[in-house]
Amino acid sequence: MTTRSTILTHIRDVAAQQGKTLAPLSDDLPLLESGLDSLCFAILVARLEDALGADPFTTAQSQRFPRTIGELIALYDEALV
Amino acid sequence: MEAGAGLGRRIATRDWRVSLDDFAGATSLGARRPRLAGRSVVLAVGDMAKAAAALIELDGLARRIVLSPPAFDMRGLDALVRDAEADALVYDGDDAAPPARLDLLAPCGLPLEPLASSPSPRLRGEGRGEGPGRFHDIAANHPAPHPNLLPANASVWRGTSGEKGRIRRLATEWVMPTSGTSGPPKMVVHTLATLTGAFRPAPGQAWATFYDIRRYGGLQIFLRALAGTESLTLSGAGESVEAFLIRLGEAGAKHISGTPSHWRKVLMSAQARRIEPETVRLSGEIADDAVLAALRALYPSARVEHAYASTEAGVAFAVGDGRAGFPAALIDEVGDAAMKIVDGSLRIRSNRTALRYIGSDAPPLRDAEGFVDSGDIVERRGDRYRFVGRRGGIINVGGAKIHPEEVEAALNAHAAVRASRVFARPSPITGALVAAEVVLREGVAANDDLSREILTSCRAALPAHKAPSFLRFVADLPVTDGGKLARHG
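Chains as they are written, first to last, in the numbering used here: chain S, 1 to 81; chain G, 1 to 489.
Keep in mind that the hints were calculated from the coordinates and are not lab data.
Taking beta-carbon pairs under 10 Å as the criterion, some of the chain G residues facing chain S (in silico):
id	residue
1	GLY398
2	ARG425
3	SER427
4	THR430
5	GLY431
6	LEU433
7	LEU455
8	THR456
9	ALA464
10	HIS465
11	PHE470
Note that CB positions come from ideal geometry on N, CA and C, so glycine has one too.
Work out the full structure: start from the sequences and follow the hints.
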């Protein structure tokens, strides 16, 4: 499974678990408009740490915060290189 | 109670049976026993039967007993000795003497050995009617003079030549280090009067406890049994719940106390029906509806009660209606324990609350009105107060504060769940998330569907941020030496 598909799967899963309605997922969809709230986002990041073995939000070099789905995927792609 | 009421009673652990009658003419403290008189004594004995024997003898004899907790880290001994102004230490005679720079190190051993050079330490007949003050030379600052409770208590010392023939029993201070979750332990001062203030005479009760008697909950049962008329059954070091239940059944123990964590282990045990308790007593942790209901179902003829007590606050009350929490009316009731709620936490004042802390930098234990702050947070729901957790044990999820205990109660309410532990998982987004470990009931298979179902039931019962985001099935949950769910590590 690619990083992208892992992330998208977990986004859908977290949204379903938390009873959230997701907007259609695309790379330029702003995270704030995705339907995920901050709790969902926190759960997503923790799940991805378990699934991918990386948490780019706690590593020192990543100071920028992703604003879109595409930037989120890119952040993990970079962290996993 | 009158001293001497041994009458065939005994204290039984896995390894020892100590007959209470034997204390009339024998000792666990050997030849050094007379030298312990009037001292501040650290009791650092691993074996619980030996510790019990030493306690029986030291009360009334020592000025102060410091009940070193089981598995005490001896590196903390110097601080303990300093703060308790200890000048003697009692250790297990089967072990090497600890490296303590103390005036007197006294080994303690079983079986009891005959008292040397003591013609007749019997207390009852001796000197009766020969004037007041003969038996109880109680210190003037003793809050409520109480006859020594321990039976056949040989803990009497004959005065020096100046007081020849005079028998003195000291109002011994019982000092209990608290198992604080942070910082060094605080040392809490009780007397036999504060420790036994909750007792009502109840003959015929054969008590047993899962607790260690050096913890407040266990000490209560130890003293309660001694004040009663029956034997006491205690667990052995490292003894399994299965083995202990078998022994309890054989001993005929009918009144049994432990923490909810202890009792959940009983509920999971194939030997649970070895006992036929009349009283199932829970204390030391929050008893939730699920564990109370399960115990009532397992032991339909038993009174299932949960007592609210702490080392500092003492025993406040016991609730026997099978529901978690306590009736709101108790707060205003003019009973023998006064209660008030300040900043959400329960404060208690009764004749069972401890007197003070000792030690350097010891904070005051009571407020200006004599109330002890329990640190237990309560919330009123209808006609009932529920315990929601400990102050300081809070999980902060994006600014929302969550008590692990309330989440555990929601998890434990699920029919497949036997026990749970809720803890914080660090999150770079919200600071923390709620995570849970769950022990399933016997015969229930762990799988992803069940995990989802349990989490869904929590989300139905709790606000979204309180429901666990992560759930893991485990075979067992760690319990501390004190019998409480281990929350750290």
